[in-house]
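S.K.: Spelled out, the chains give:
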Amino acid sequence: MLEDQFILEKLNSKFGESIIGYEQNYDIMAVYGDKEQNLKILQYLYDDEELGFKFLTDLTAIHYPDNKGEELVVTYLVYNMRKRKHLRLKFKLNIEKPDIYTLTSLFVGANWLERECYDFFGVNFVGHPNLIRVMNVEEMDYFPLRKEYPLEDQARKDKDDDMFGRGDSHFNLGKLNI
Amino acid sequence: MKEIKEKERKNIELPEESLEKKSRTLNLGPTHPATHGVFQNILEMDGEKILSAEATVGYIHRAFEKIAEQRAFYQVTPLTDRLNYCSAPINNLGWHMTVEKLLGVEMPKRVDYMRVIIMELARISDHLICNSVIGVDAGAFTGFLYVMKYRELIYEIYEEISGGRLTTNIGRIGGFERDFNQIAWEKIDKFLNEYPKILKEFEGLFDRNRIFMERTQGVGGISLERALHYGFTGPNLRAAGLDYDIRTAKPYSRYEEFDFKVPVGTTGDVYDRYMVRNQEMWQSLSLIRQAVQKINDLKGEEAIPHHADVPDYYLPLKEKVYTKMEEMIYHFKIIYGEIDPPVGEVYHAVEGGNGELGFYLVSDGGRAAYRLHFRRPCFIYYQAYPEIIVGSLISDAILTMSSMNMIAGEMDA
Chain A
21 MLEDQFILEK LNSKFGESII GYEQNYDIMA VYGDKEQNLK ILQYLYDDEE LGFKFLTDLT
81 AIHYPDNKGE ELVVTYLVYN MRKRKHLRLK FKLNIEKPDI YTLTSLFVGA NWLERECYDF
141 FGVNFVGHPN LIRVMNVEEM DYFPLRKEYP LEDQARKDKD DDMFGRGDSH FNLGKLNI
Chain B
430 MKEIKEKERK NIELPEESLE KKSRTLNLGP THPATHGVFQ NILEMDGEKI LSAEATVGYI
490 HRAFEKIAEQ RAFYQVTPLT DRLNYCSAPI NNLGWHMTVE KLLGVEMPKR VDYMRVIIME
550 LARISDHLIC NSVIGVDAGA FTGFLYVMKY RELIYEIYEE ISGGRLTTNI GRIGGFERDF
610 NQIAWEKIDK FLNEYPKILK EFEGLFDRNR IFMERTQGVG GISLERALHY GFTGPNLRAA
670 GLDYDIRTAK PYSRYEEFDF KVPVGTTGDV YDRYMVRNQE MWQSLSLIRQ AVQKINDLKG
730 EEAIPHHADV PDYYLPLKEK VYTKMEEMIY HFKIIYGEID PPVGEVYHAV EGGNGELGFY
790 LVSDGGRAAY RLHFRRPCFI YYQAYPEIIV GSLISDAILT MSSMNMIAGE MDA
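So the sequence lines, in the order shown, correspond to chains A and B.
Using this note's numbering, the letters of the first sequence correspond one by one to residues 21 to 198.
Using this note's numbering, the letters of the second sequence correspond one by one to residues 430 to 842.
Hint data in this document are derived by calculation from the structure and do not stem from the laboratory.
For every residue, glycine included, the Cβ atom is placed at its ideal position computed from N, Cα and C.
Careful, some of the hints might be misleading.
Unchecked claim - Residues from chain B that face chain A, not an exhaustive set, calculated with beta carbons under 10 Å:
hint : residue
1    : T485
2    : G487
3    : A492
4    : G533
5    : G660
6    : F661
7    : L671
8    : K753
9    : E755
10   : E774
11   : Y776
12   : E785
Unchecked claim - The calculated lysine-lysine pairs, modelled on DSS-like cross-linking and capped at a C-alpha distance of 25 Å, are:
hint : chain 1 : residue 1 : chain 2 : residue 2
13   : B       : K495      : A       : K179
14   : B       : K495      : B       : K530
15   : B       : K434      : B       : K450
16   : A       : K117      : B       : K495
17   : B       : K478      : B       : K436
18   : A       : K103      : B       : K690
19   : A       : K110      : B       : K530
20   : B       : K679      : A       : K110
21   : A       : K88       : A       : K103
22   : A       : K103      : B       : K679
23   : B       : K436      : B       : K451
24   : B       : K450      : B       : K439
25   : B       : K616      : B       : K728
26   : A       : K110      : A       : K167
27   : B       : K434      : B       : K451
28   : A       : K74       : B       : K679
29   : B       : K530      : B       : K762
30   : B       : K530      : A       : K103
31   : A       : K103      : A       : K30
32   : A       : K112      : B       : K495
33   : B       : K495      : A       : K110
34   : A       : K88       : A       : K112
35   : A       : K167      : B       : K495
36   : B       : K495      : B       : K439
37   : A       : K177      : B       : K450
38   : B       : K679      : B       : K530
39   : A       : K88       : B       : K762
40   : B       : K478      : B       : K451
Put together the whole structure using the sequences plus the hints.
M.R.: Have a look at this one:
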């Protein structure tokens with residue numbers, strides 16, 4: 021059994037100040053790290069015999085527009101299959117310069133996940149072999165999952181109802197002598 | 430996976446009008462009848478042999494993650510239907526469990542067993558489609574038509590429980606909207622009695638069929654090491670030889686109380702994937718039987734509930750909303766979002782039809798998720814597809830695609 025405290029101690033003794041903090045989210049611990057060290061931290065978690073986080077479960081980003089200077093959080097979920105242990109890693113990025121090292125050298129599967137992350141949040145994965153959009157059209161010039169692009173207000177009133185079959189002309193076809 | 434010779438690689442790079450150029454570019458998809466969905470593959474072909482491949486997705490991207498940021502939790506369930514639509518109930522219930530984990534709600538035993546029945550039925554219908562479609566792509570149509578009758582029966586069971594067939598929107602946060610009715614129980618019994626015989630006959634058609642074995646063995650294989658590197662989960666990983674199954678690795682919905690085996694393959698080729706799925710159907714049948722037995726064994730108070738006692742989150746039945754005071758109050762409270770969920774983030778994974786289906790939910794206390802991310806197994810393992818098919822024939826590539834159970838809806842989310 022791999023204890024959260026043990027993982028944290030090992031990371032702290034190896035990386036010192038590059039480990040910024042941690043939080044406990046239900047059953048999974050999340051460790052905050054320095055974004056410059058992301059590849060080194062994940063490489064260490066992969067290589068170390070006692071830790072052995074050799075499976076990348078998930079990779080995504082979150083946008084917090086109010087945290088100035090640290091707007092984007094890139095988060096990795098790694099898994100140790102032998103000891104059945106999840107660990108989440110988080111790296112805060114400045115939205116003006118969202119650079120972080122790619123994990124494609126460590127996990128091939130990170131390729132598309134990073135492309136998806138770039139596509140929706142504009143995270144620039146340095147060293148990625150093919151960092152192009154994966155879901156959206158290539159001509160798109162913005163990153164849709166960022167919070168500055170709100171969805172349409174469900175209660176908006178300015179729509180032209182005629183276009184949606186709810187206008188007057190729809191119900192009063194008889195009057196038009198058709 | 431076979432190696433491509435240096436000479437062939439040089440050939441690809443020649444310009445289109447060159448006389449020496451032997452290969453040609455072929456667009457397989459995005460709407461090709463053999464790909465069973467919207468997938469595009471740009472292939473470089475030498476005759477029938479694939480020299481290089483490039484996979485493209487995104488044709489049916491529907492921005493579920495963005496939409497979920499403006500919808501209350503109970504409104505996200507219909508979106509999850511449309512991920513892997515071959516086993517929609519697993520997605521629905523996985524989402525409910527994620528929210529329940531965030532809220533800290535514990536389910537009664539009976540609800541968990543009912544969920545196991547639904548999820549295992551969904552797994553059977555998912556595997557059924559996948560395996561019979563492998564047969565169709567290999568030229569054996571009979572098996573497909575033969576088992577389709579029983580997928581129909583499974584859909585009828587869903588219909589009795591939720592009213593939906595393909596996109597089920599089954600259950601609620603906190604349980605089921607209503608108890609299974611008598612017809613549903615009878616149909617489950619009918620399924621349990623009749624399906625084993627059909628599955629046996631289906632296996633008889635394929636398992637030791639010489640033509641089927643020749644077509645599938647050694648085709649579309651991937652080594653365990655590469656599969657893990659790519660992030661494979663579910664039957665595709667188990668076919669490569671690792672018994673990773675979330676039902677045993679991180680049990681949810683009381684799977685730890687059940688007795689079942691996790692079948693594994695060795696080579697990770699089409700035949701192994703087919704066999705793993707077939708064996709899983711037998712295990713699912715046994716799981717449903719056990720769950721029905723466990724529900725019948727419950728006594729007294731435990732034998733009644735079909736939902737947990739959490740009126741703050743459990744959307745009441747519409748008839749009661751119209752006739753009972755308390756239910757009406759809670760209905761309005763939930764619909765108008767007066768009850769704040771806790772702040773926090775939670776990751777919950779269920780064993781979906783084709784792998785680890787994860788929900789990463791970040792809540793800021795609002796009625797909608799601050800961020801919701803789906804870990805879609807299809808999206809993750811589709812990137813291995815070009816690597817697997819390079820060097821093989823185009824007919825094998827089609828078989829490989831159907832055996833990996835690629836679902837376009839899950840990939841594009």
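S.K.: All the hints need checking, so say for each whether the structure fits it.
M.R.: Now the hints, each set against the structure:
For B/T485, the interface hint holds, the least distance from its beta-carbon to any beta-carbon of chain A being 8 Å, beneath 10 Å. The beta carbon of B/G487 comes within 4 Å of a beta carbon in chain A, closer than 10 Å, and the hint placing it at the interface holds. Given the 10 Å rule on beta carbons, the hint for B/A492 holds: about 7 Å separates it from the nearest Cβ of chain A. Against a cut-off of 10 Å between C-beta atoms, the interface hint on B/G533 holds, since the closest Cβ of chain A lies about 9 Å away.
Using the Cβ-Cβ criterion of 10 Å, the hint placing B/G660 at the interface with chain A is satisfied: the shortest such distance is roughly 3 Å. Nearest Cβ of chain A to the Cβ of B/F661: about 8 Å, under the 10 Å cut. The hint holds. Taking 10 Å as the C-beta cut-off, the interface hint given for B/L671 holds, the closest approach to chain A being about 7 Å. Proximity of B/K753 to chain A is violated relative to the hint, the smallest CB-CB distance being about 28 Å (cut-off 10 Å).
A least Cβ separation of about 28 Å between B/E755 and chain A goes past the 10 Å threshold, and the interface hint is therefore violated. At about 5 Å, the closest approach between the beta carbon of B/E774 and any beta carbon in chain A falls short of 10 Å, and the interface hint on this residue holds. Taking 10 Å as the C-beta cut-off, the interface hint given for B/Y776 holds, the closest approach to chain A being about 6 Å. For B/E785, the interface hint holds, since its Cβ comes within 10 Å of a Cβ in chain A; the closest pair sits about 7 Å apart.
About 21 Å separates the Cα atoms of B/K495 and A/K179, which keeps this hinted pair within 25 Å; it holds. Simply put, B/K495 and B/K530 have alpha-carbon atoms about 22 Å apart, close enough for the 25 Å limit, and the pair holds. The suggested pairing of B/K434 with B/K450 holds, with an alpha-carbon distance near 15 Å, which does not exceed 25 Å. Distance restraint check for A/K117 and B/K495: the Cα-Cα separation of roughly 23 Å lies within the 25 Å cut-off, and the hinted pair is therefore satisfied.
In summary, the hint linking B/K478 to B/K436 is supported, as the alpha carbons are separated by about 14 Å, within the 25 Å threshold. Between A/K103 and B/K690 the alpha-carbon distance is near 19 Å, which keeps this suggested pair within the 25 Å criterion. At most 25 Å may separate the alpha-carbon atoms for a hinted pair to count; A/K110 and B/K530 meet this at roughly 21 Å. Taken as a hint, the B/K679 and A/K110 pair is honoured in the structure, with Cα atoms around 23 Å apart against an allowance of 25 Å.
A distance of roughly 38 Å separates the Cα atoms of A/K88 and A/K103; the hinted pair therefore is violated under the 25 Å criterion. A threshold of 25 Å between alpha carbons decides the hint, and for A/K103 with B/K679 the separation of about 11 Å falls inside it, so the pair holds. For the hint linking B/K436 to B/K451, the alpha-carbon distance of about 11 Å falls within 25 Å, and the restraint holds. The suggested pairing of B/K450 with B/K439 holds, with an alpha-carbon distance near 9 Å, which does not exceed 25 Å.
Among the hinted pairs, B/K616 with B/K728 is consistent with the structure: their alpha-carbon atoms are about 23 Å apart, no more than 25 Å. For the hint pairing A/K110 with A/K167, the CA-to-CA distance comes to about 19 Å; that is within 25 Å, so the pair holds. Taken as a hint, the B/K434 and B/K451 pair is honoured in the structure, with Cα atoms around 14 Å apart against an allowance of 25 Å. Distance restraint check for A/K74 and B/K679: the Cα-Cα separation of roughly 17 Å lies within the 25 Å cut-off, and the hinted pair is therefore satisfied.
Annotation: proposed proximity of B/K530 to B/K762 holds, straight-line Cα distance about 21 Å (limit 25 Å). Between B/K530 and A/K103, the direct Cα distance comes to roughly 22 Å. Compliance with the 25 Å bound is thereby established for this hinted pair. Pair hint A/K103 plus A/K30 holds up; C-alpha atoms about 16 Å apart against a cutoff of 25 Å. With a C-alpha separation of about 21 Å, the suggested pairing of A/K112 with B/K495 holds against the 25 Å cut-off.
As the CA atoms of B/K495 and A/K110 are separated by approximately 21 Å, the hinted pair is consistent with the 25 Å bound. At most 25 Å may separate the alpha-carbon atoms for a hinted pair to count; A/K88 and A/K112 meet this at roughly 11 Å. Note on A/K167 and B/K495: the hinted pairing holds, with a Cα-Cα distance of about 9 Å set against a maximum of 25 Å. Among the hinted pairs, B/K495 with B/K439 is inconsistent with the structure: their alpha-carbon atoms are about 44 Å apart, more than 25 Å.
This hinted pair does not check out: A/K177 and B/K450 have alpha carbons roughly 60 Å apart, beyond 25 Å. Distance restraint check for B/K679 and B/K530: the Cα-Cα separation of roughly 14 Å lies within the 25 Å cut-off, and the hinted pair is therefore satisfied. For the given pair, A/K88 sits about 35 Å from B/K762 by alpha-carbon distance, which is inconsistent with the 25 Å threshold. With a C-alpha separation of about 11 Å, the suggested pair B/K478 and B/K451 falls inside the 25 Å cut-off, and the hint holds.
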